[in-house]
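S.K.: Protein sequences appear in the order of chains R and H.
What the first sequence shows, in my numbering, is residues 1 to 257, in sequence order.
What the second sequence shows, in my numbering, is residues 1 to 364, in sequence order.
No lab work stands behind these hints, which were simulated from the structure alone.
Only a predicted model underlies this, so the values are computations on that prediction, with no experimental measurement involved.
Positions of the beta carbon are idealized from the N, C-alpha and C atoms, including for glycine.
Among the hints, erroneous ones may be present.
[Stated by the list, open to error] Just the calculated beta-carbon pair ranges, DEER-fashion:
(1) R:S190 with H:A328: 41 to 49 Å
(2) R:Y117 with H:S96: 41 to 49 Å
(3) H:R52 with R:P209: 41 to 49 Å
(4) R:P209 with H:E112: 30 to 38 Å
(5) R:Y117 with H:G145: 32 to 40 Å
(6) H:L174 with R:L24: 32 to 40 Å
(7) H:N78 with R:I30: 30 to 38 Å
(8) R:R14 with H:A321: 40 to 48 Å
(9) H:H110 with R:I30: 50 to 58 Å
(10) R:S190 with H:D153: 36 to 44 Å
(11) H:R167 with R:S59: 41 to 49 Å
(12) R:V201 with H:N78: 37 to 45 Å
(13) R:L24 with H:R167: 25 to 33 Å
(14) R:K255 with H:N78: 18 to 26 Å
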Amino acid sequence: MSALLRMEASKLLRLSSVRAAAVLLIVFPILWAYAPGIFEVYGFFLVSGFQVPALSLLSSMEFLMPLLVAIIAAELVGVEAMHGTLPTVLLRPVTRSAWLLAKLLILTVMPFLVMLYFLLTSLAAGLPYGFGSFVGGTGLGEGGLVGQGLTTAATAWGELGGAYLLAAVSLVPIALLAVLATVVTMNAASGALATLSVLIVMQLLVVFPALEPFLLTRHLSSYADPVAGLGWVVTLIALYSAAFAAIAVVLFERKDF
Amino acid sequence: MSGRTSPGGAWSEGRVGAPPGSSGNRKRGSGPPPPPAPSAEPAIRTEGLSKRYGRRPIVRDLTFEVRPGEVYALVGPNGAGKTTVIRLVSGLAFPSEGTVRMLGRDPQQHPEVRRRLGAVVEAPAAFYPYLTGRANLRLHARLAGGVPPGRIDELLELMELGHAADRKVGVYSLGMRQRLGVAGALLTDPDVLILDEPASGMDPLSLHLVHRVLRDAASRGSAVLLSTHHLDEVATYGTRVGIMEEGELIDEVDLDRRRDRYRVRADDPQAARQALAAQPWVQDAFLRAGQVIVQLAEPDALGRVAPVLVEQGLVVHELTADTFDLRAYYRERVAAERLRRTASGTTGTPPAVPPIGRDGSGPA
Chain R
1 MSALLRMEAS KLLRLSSVRA AAVLLIVFPI LWAYAPGIFE VYGFFLVSGF
51 QVPALSLLSS MEFLMPLLVA IIAAELVGVE AMHGTLPTVL LRPVTRSAWL
101 LAKLLILTVM PFLVMLYFLL TSLAAGLPYG FGSFVGGTGL GEGGLVGQGL
151 TTAATAWGEL GGAYLLAAVS LVPIALLAVL ATVVTMNAAS GALATLSVLI
201 VMQLLVVFPA LEPFLLTRHL SSYADPVAGL GWVVTLIALY SAAFAAIAVV
251 LFERKDF
Chain H
1 MSGRTSPGGA WSEGRVGAPP GSSGNRKRGS GPPPPPAPSA EPAIRTEGLS
51 KRYGRRPIVR DLTFEVRPGE VYALVGPNGA GKTTVIRLVS GLAFPSEGTV
101 RMLGRDPQQH PEVRRRLGAV VEAPAAFYPY LTGRANLRLH ARLAGGVPPG
151 RIDELLELME LGHAADRKVG VYSLGMRQRL GVAGALLTDP DVLILDEPAS
201 GMDPLSLHLV HRVLRDAASR GSAVLLSTHH LDEVATYGTR VGIMEEGELI
251 DEVDLDRRRD RYRVRADDPQ AARQALAAQP WVQDAFLRAG QVIVQLAEPD
301 ALGRVAPVLV EQGLVVHELT ADTFDLRAYY RERVAAERLR RTASGTTGTP
351 PAVPPIGRDG SGPA
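Here chain R stands alone, though its shape is the one from the complex (with noise of 0.2 Å):
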């Protein structure tokens, strides 16, 4: 198992989305940092540091970071039916299960290094704001970017580390529902576009009410809006993800070649 699990990390680092990600997320807080209409049409300037990670968080979570997290996902296991490698690695010695969970098990650790090197891209584009303490809010606590009066370095510290993780635990499970579509498909693209329209229907159910809670897509913005409490989020994720991936390693077992 560690010699496929240091295979596929390997395979990861290589992709062209993570790739394409990697400068993604390098432009983007920078555009945040050094918008110069953002007064106009946000009614807000940056005062610290620490509200350009805040600012990258709040307008990727919603479409972009679920894209990237579902593109990367779908082309680690749909670049094998590319390459047409799959059925070489399977003639080996190799279970179907272990193969598959080599991949689910980096893929669970990715959206936490994608969601790591964001924070860390932003931190770096907000860095001519200085990192100390200031008057207004991060946009992730109480008040906004407003904020409540002075916000101290480490409560700002705090809420973004606390926010970032919430987020990548928030994006696993589509992680894993990638895996499952492209499992079906063995395409990356069609996984990849499976994944958005599963998203973007389960982002129309809001108009149930009795389903929000339940809505993996409302949970996409749980670390600055919980619709409900922490333990109740994280359960459900992990209920997600497990359903997931347990349905992608039933339906590999059985695929043919």
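Position chain H relative to chain R; hints supplied.
M.R.: Leaving out everything else, chain H in the frame of chain R:
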């Protein structure tokens, strides 16, 4: 071959006097094939193997076996189902019906049996394009549980890829990828080799190299199953050839038996046939176009043929090898099968197929 006849098919090739599937069981390092005799357990065995995608049958009721040291070649037109058979046998696809046994085990239920399998199921062989040839083989060696030191270099040299070992596979030519595929299949010195068109797209030298390597692997005791369109090459070293058409095994040719077959022109063919048929070292003797075709049970018995006839007072005008033209046989056999299918239509029980004569001259 188990001797099972597929629906509507007739396997007439090499059915005289020998247990089905018993020929060509060469042992490691041996020279010419020994006479047919019951031998080791089959390394590959399928029984009633069928595969459907939806309602469309791709492979139908396929039964065959490959023993250690044998080279079994699946041949047939494009779309005949060869690749599906390769994938079913190697465990990549699931049978709709029937069973597959590799070294006595179901490769789906016992993936560990694949430690003793080397396979190439893609044409060209698929590798990670961003890794070098050597790195790809290392990766496969790790997945296979490790190989002896120097094995990778040895195989790269064997497949004449030493000069390109540290180049990325993405820049390899088709033939180089194919050769790397064969190297990958040989990594663990497997007991079973399964290859889907391993020499497709190769230049004549590479083609010769790949077939030589496969022949050598079989001579060391590996069971080799391959699909191929290279009939001339496989005819020189294959043990048996299974001819597929529309998902069915329509015929099986025992090439080993063909290699020990000779043509005798004597003044009295009938008496010559009787004299030869009485010899214990003759497996079969029959008449064809006024000549005696003699199948030797012992490859070194050729020197005894003429003396036996002379002792009987017969005049021997000619004694020569009865060369078997696999390509011509294949062409005639597939054409006959298509005729039969056309005549029988797509439904109903097809009429009996005119048997191919054991002289390989095709349907009457």
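S.K.: Against each hint, give a clear statement of whether it holds in the structure.
M.R.: Hints and how they fare:
no. : hint                           : verdict
1   : R:S190 with H:A328: 41 to 49 Å : holds (46 Å)
2   : R:Y117 with H:S96: 41 to 49 Å  : holds (47 Å)
3   : H:R52 with R:P209: 41 to 49 Å  : holds (47 Å)
4   : R:P209 with H:E112: 30 to 38 Å : violated (53 Å)
5   : R:Y117 with H:G145: 32 to 40 Å : holds (35 Å)
6   : H:L174 with R:L24: 32 to 40 Å  : holds (36 Å)
7   : H:N78 with R:I30: 30 to 38 Å   : violated (55 Å)
8   : R:R14 with H:A321: 40 to 48 Å  : violated (56 Å)
9   : H:H110 with R:I30: 50 to 58 Å  : holds (55 Å)
10  : R:S190 with H:D153: 36 to 44 Å : holds (41 Å)
11  : H:R167 with R:S59: 41 to 49 Å  : holds (44 Å)
12  : R:V201 with H:N78: 37 to 45 Å  : holds (42 Å)
13  : R:L24 with H:R167: 25 to 33 Å  : holds (32 Å)
14  : R:K255 with H:N78: 18 to 26 Å  : holds (24 Å)
The structure fails to meet hints 4, 7, 8 from the earlier list, while all remaining hints are met.
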